[in-house]
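I would like the entire structure built from these sequences, with the hints used as guidance.
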Amino acid sequence: MRKATLTAVFSILLFMLSLALSVRTWAQPTEIPHEDPDRAEDVFQAHGLLSSYSILLEFIAYGRFDDSDSMVELLGAVDVPDEIQSAIDAYYSLTRELSESLNGINTLLKQAEDLINNSLFAEAEAVLAEIKMDLDQLDGQINDMIAGIENLSEQIGDFVTNIPLFDSARDLHQEMFALLRESNDFYQELYLQLNEVAESVGLPTALTIILSPDTVYVGEQITLEGTLKYKDGDDRVALPGREIILRMGQSASVLKVLTDANGYYTGVLDMPYNYTASVTAKASFNPTTDYDEDHYRSSHVESEVSIGFYHTGLDLASAPMRVLTGYPFTVGGVVTGDEVQVAGREIQFHLNGEQIGTGFSETGGSFELDVTVPAGLPLGNYQLIVSVLPDNDSQSSGASKHANINVSEDIPNVVLNSPSHIFAPSSVRFDGNVSYNGAPVTNAAVSMMFAGKGYSTETDGEGYFEIVFELPLSLSVVSGNTALVHVQPEEGWLGLVEIKSDFTVLSPLSIGFFSLAVIASGVVAFSLTKKRRRQSLIRREELFDDADFLPPRKYAVERDGVLAAYDKALAVMQEFTGVIAGFNMTLRDYVNELDPKFEKMKQLFEAITFLAEISLYSANPGSSDVEEANRLLSELTGELISESA
Amino acid sequence: MSRLNYFWIVLAVFSATLITLWFYPPSADFNVENIRWNGASQFSSRMGSIAINTFEDIPDRPANTVLIVVPYIEFAPGELEQIGSYILGGGTLILMDDYGHGNEVLKSLDVDYRFDNIPLLDPLIHYKNEQFPIITNIHASPLTFEVTTLVFDHAVRLVNVPDTEIVARSSSFSFIDLDRDTLYDDDMEAKSSSVVAANTLIGEGRIITISDPSIIINGMIDMEDNYTIMANAVALGTSNPKVYFDQSHLPEEELSEVKSGLRTARNGAAYPAVLSVMVGAVLLITLRPLWARRR
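Heads up: the sequence lines are chains P and Z, in that order.
Per the working numbering: the first sequence = residues 8 to 652.
Per the working numbering: the second sequence = residues 40 to 334.
Hint data in this document are derived by calculation from the structure and do not stem from the laboratory.
Even for Gly, the Cβ is constructed at its ideal location relative to N, Cα and C.
Careful: at least some of the hints might be erroneous.
As the list claims (entries may be wrong) - Over the 10 Å line for every Cβ pair with chain P, so calculated as not near, a few chain Z residues:
#1 I91
#2 H140
#3 D151
#4 I177
#5 N199
#6 D216
To be verified - Lysine-lysine pairs mimicking DSSO-like chemistry, simulated, CA-CA at most 30 Å apart:
#7 P/K460 with Z/K281
#8 P/K507 with Z/K298
#9 P/K460 with Z/K298
#10 P/K507 with Z/K281
Structure (structure tokens):
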């Protein structure tokens, strides 16, 4: 029993050692640098955030507003601990507003400067007034920022992991605020300079404009008229012979007219073909002579003109939701509109920013046009834009509609004929047919993988393919197998098809080995059964009732309980060990003859022998000795049976 | 106990050891059977990818196929040429690297840009800490369809990428940690946006380069749009691609080597000669008592 325990313990230790050597699972990988994200340390660098804000303030102070806009957007995405989220949000808002204000002031100052350079002093004055309002608020915004950073520093104090760096970032902030004040002073100075220039040059002039008609159709003409006068105190004095520039919207073409003796001007302009609701008519006066430049300021006036045109409509009647790459599809619709020219209108199709088709509407405005998706366009979802171009001859606007389409591939129909079982060695044949919409798919590449080898062919003119190969006698492919067949048509709109074919491979060798395994199992089962039956024959009754096993000598005294038990025990030991008690042996001699390897049984028999000796030689044998002897006999018998097993 | 019983006990324990080793899930990084945080089992399963242990398994017709390579081990002679042929033939290579041998591939393909192999940290726009930079500067293209945010795990950058081939960039708060102390040193380290992904057409095929392979591990694949960009990369150009995941350039662990040995032994046992010997031995053992009894 001790040996069995040692063997089991040794085996378990060997098992665990094997696993430990082979399975190093819990240590972090040392060669590949990455971390388990679930266990990664959550770190918030307060000094880093503060430092980034100081850089942002620097961008703002130096007028690098593109950089500051990008940075503001990024800082808005920073993930911060919940405890300081509100403080960060407040400071972020202040910074963003300051950036927007300074950016706005900078833009307006440039605009004012351009207007002044172009002698548009009236416009420049309006812009300068707006700048003044913004500058008045700027100082307050900077003060809010200073208070904000103090508040923020207190709030995020608990998250400071590097005090020197944090203090350094705070100091940098103070430097940036000083820089911002300098910028404020600079803008103030610039404003004053521009304002002084605007107010110092000449007498203000007033230009009026009257349009007729109020609504004009595209391509038609409109008359602009008005007066140019200068302000002399409360009087308005006409300026004759001055050039007035007339312009319609953003059109590059202008009309130059002269004022008459009463300062009156008039001109006729063509309405551009802009299919919008309105356009702005502009008239402007700019001094051109040295005298005028010294004495009069420029002026300009605008007025809105309503544009008339015929509104074109577009209805898409049919547009597919799914199209195949490189394959044509049809889009149908109708051009509509009251008093609109609907026939003969040019229709264009755009996909992914590229024009993919064009055509014309037919009588009644309907159209059904074929369009082809460019081959090579990546598969996915797109917007197909269908546009009707404007028709200037009929004063009709354009129109467009879009449709969401999915560009994808289609799958051809593949029929594969494969065997359900194969006897190795033999020639194996796979064949089949590839078709699409009932038509054969020719020149499609067909490949197959089986048992680590690849085979390939192409479909013929009927879409038929055939793969034949030799399967050798090999046990490695015996049993269930799977062959993978790939079919790739050469047409761009047909996708790859993969088919799996399951079949069983058998061989004489496999059948033979299987049979041998069955026979071996039968032999093992038969042996085990026979052995158990033989052991079951060794029953107590047979041991004790068979006269052949009785010892040859008889005791002089009656067989009492102890000696009866001893008799039976002696019979068992002689049968099991093969050691026969000689006539000249004492009870003790027989015990000493027993092989020590039957340790347990020997101990039990020795105990029974001792009781027998007491029974034989003692004057007063114990009354409980019989029970003890029978108990020992039962235990001995049980030990015998387990040893036999 | 008889000697035979000892033999059976040892054999049972030995068999249990082998079975355990056979079925125990591996723990190697990027292994397609590794279900732990550092494995690629989820990505491989969702992609339906085929793990290959040699470039000989790359199909001869690379069109409509995708090959994913994470090269932590040097390439053997001839392998770089195989990759080149694969791409020129119409295959899509997804090269994911940070501190490995990805530059060997780029150099062999005459591509000008390279992996920087220096840590890219972002102290502000990150997940948990600066080693997990969040990428939000995504250039619109079919590759980045519905991709707005990526999360990296110990990444590097790509240098000298042409503007037209840039796919994604890190935030302008990120910096290259030249002295590898995880702290921003304004004397020698500049904060700027760095390129982290590129898409380059080569011949009939393309190479998609990403400067952090860890976005496909189980712990990272479901973060933000990490899986989406990989799905887009795989689906570029075909709706039913075959995806091959190279496992031969990943560091092997002892368990994987043991499994490989067991596989070799199993394959060897399939040979008729070996199987014959084994069956004969079994028959000898089982029938020996019968013969002994007859004698």
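Quick rundown of the hints versus the structure:
1. I91: 12 Å, holds
2. H140: 13 Å, holds
3. D151: Check passes; 24 Å lies beyond 10 Å.
4. I177: The assertion about Z/I177 holds, with a minimum of 13 Å to chain P.
5. N199: 23 Å, holds
6. D216: 12 Å, holds
7. P/K460 with Z/K281: 17 Å, holds
8. P/K507 with Z/K298: 27 Å, holds
9. P/K460 with Z/K298: 23 Å, holds
10. P/K507 with Z/K281: 14 Å, holds
Checked against the numbered hints above, the structure breaks none of them.
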